[in-house]
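Enquirer: As you go down the protein sequences, you meet chains A and B in turn.
Residue 1 is where the first sequence starts when you use UniProt numbering, and the numbers rise one by one after that.
Residue 1 is where the second sequence starts when you use UniProt numbering, and the numbers rise one by one after that.
If you're looking for bench data, these hints aren't it; they were derived computationally from the structure.
Worth double-checking, as some hints may not be accurate.
One copy or two, it doesn't matter: identical chains are merged, so the pair holds either way.
[Said to hold, decoys possible] Straight-line Cα separation of at most 20 Å, SDA-like style, residue types lysine to any residue; simulated pairs:
1. 128 - 84
2. 46 - 11
3. 46 - 116
4. 46 - 114
5. 62 - 116
6. 46 - 13
7. 62 - 125
8. 128 - 83
9. 62 - 104
10. 46 - 118
11. 128 - 27
12. 46 - 119
13. 46 - 120
Number of protein chains: 2
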Amino acid sequence: MPAEPSQNWLDQVRWDAQGLVPAIAQEAGSGDVLMLAWMNREALEKTATLGRAVYFSRSRGKLWFKGEESGHVQTVHEIRLDCDADVVLLRVTQQGHEPAIACHTGRHSCFFSVLQDGQWRARDPVLKDPASIYN
Amino acid sequence: MPAEPSQNWLDQVRWDAQGLVPAIAQEAGSGDVLMLAWMNREALEKTATLGRAVYFSRSRGKLWFKGEESGHVQTVHEIRLDCDADVVLLRVTQQGHEPAIACHTGRHSCFFSVLQDGQWRARDPVLKDPASIYN
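One chain only, chain A, in its complex shape:
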């Protein structure tokens, strides 16, 4: 029995042994890489359907509608797949705060630590106290 046409694009993704792929969120306006999270099939399908980033939380073992607690929703403009079909790239607008906050630490991007002189140094400012982001 052939798969439904609408499902084929999901079948073409090379899910790992846990049924996941890494998904990179890149800010459409700035080009900044905001974060990397994981998606299962359902998360990617919902991301495409809803036009907002839905990940799979490996720690909680369930779908994670980005922004569900923080309000920091990611609107998805474009979904790309890499040459090996095992990594997803989202072009997003990070909603909910100005300037945009993607990281649970209250920073713009999750990649705020820079290797310098053999140490990881936090570089980017905390834009909002995490205690006031999560109730």
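The hints should help you fit chain B onto chain A, whose structure is shown.
Expert: Structure of chain B alone, referenced to chain A:
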């Protein structure tokens, strides 16, 4: 016995069960996300020491000095780590061809497939015949 100071930053990375972390290569000049590959501890250490991207090839089970066959070396300007310490972000200059080619298919970026109308569509041009990249 304490670890050598120069090793501490490698200990702070949260390697997965296979001893790997995903590493995103982002073009410094354009902000384009070029690719995602994997690193083990040795690959990340060599990347920092050499100032060029060294990954761990999961298919070949060994270090992969990006560009070793193609000449498409990535010069690394900055190494970042995310808030969970389990994803690396490299800011690179993609060497070896103008315009820059990161993908083994001869394209600028590995993320050349875009989801459109329920299908993955190849969007970006092949800049060089892969047959002439790899002998």
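Enquirer: Evaluate each hint against the coordinates.
Expert: Right, here's what the structure says about each hint:
1. 128 - 84: between (38 Å within a copy, 18 Å between copies)
2. 46 - 11: Answer is within; shortest intra-copy Cα gap is 15 Å, inter-copy 36 Å.
3. 46 - 116: between (39 Å within a copy, 15 Å between copies)
4. 46 - 114: Close across copies (16 Å), not inside one copy (33 Å); limit 20 Å.
5. 62 - 116: neither (36 Å within a copy, 27 Å between copies)
6. 46 - 13: within (15 Å within a copy, 31 Å between copies)
7. 62 - 125: neither (30 Å within a copy, 38 Å between copies)
8. 128 - 83: Only across copies: residue 128 and residue 83 sit 15 Å apart there, 37 Å inside one copy, limit 20 Å.
9. 62 - 104: within (18 Å within a copy, 35 Å between copies)
10. 46 - 118: Only across copies: residue 46 and residue 118 sit 13 Å apart there, 41 Å inside one copy, limit 20 Å.
11. 128 - 27: within (19 Å within a copy, 29 Å between copies)
12. 46 - 119: Between copies only: 15 Å across, 39 Å inside.
13. 46 - 120: So residue 46 and residue 120 pass the 20 Å test across copies only (16 Å; inside, 35 Å).
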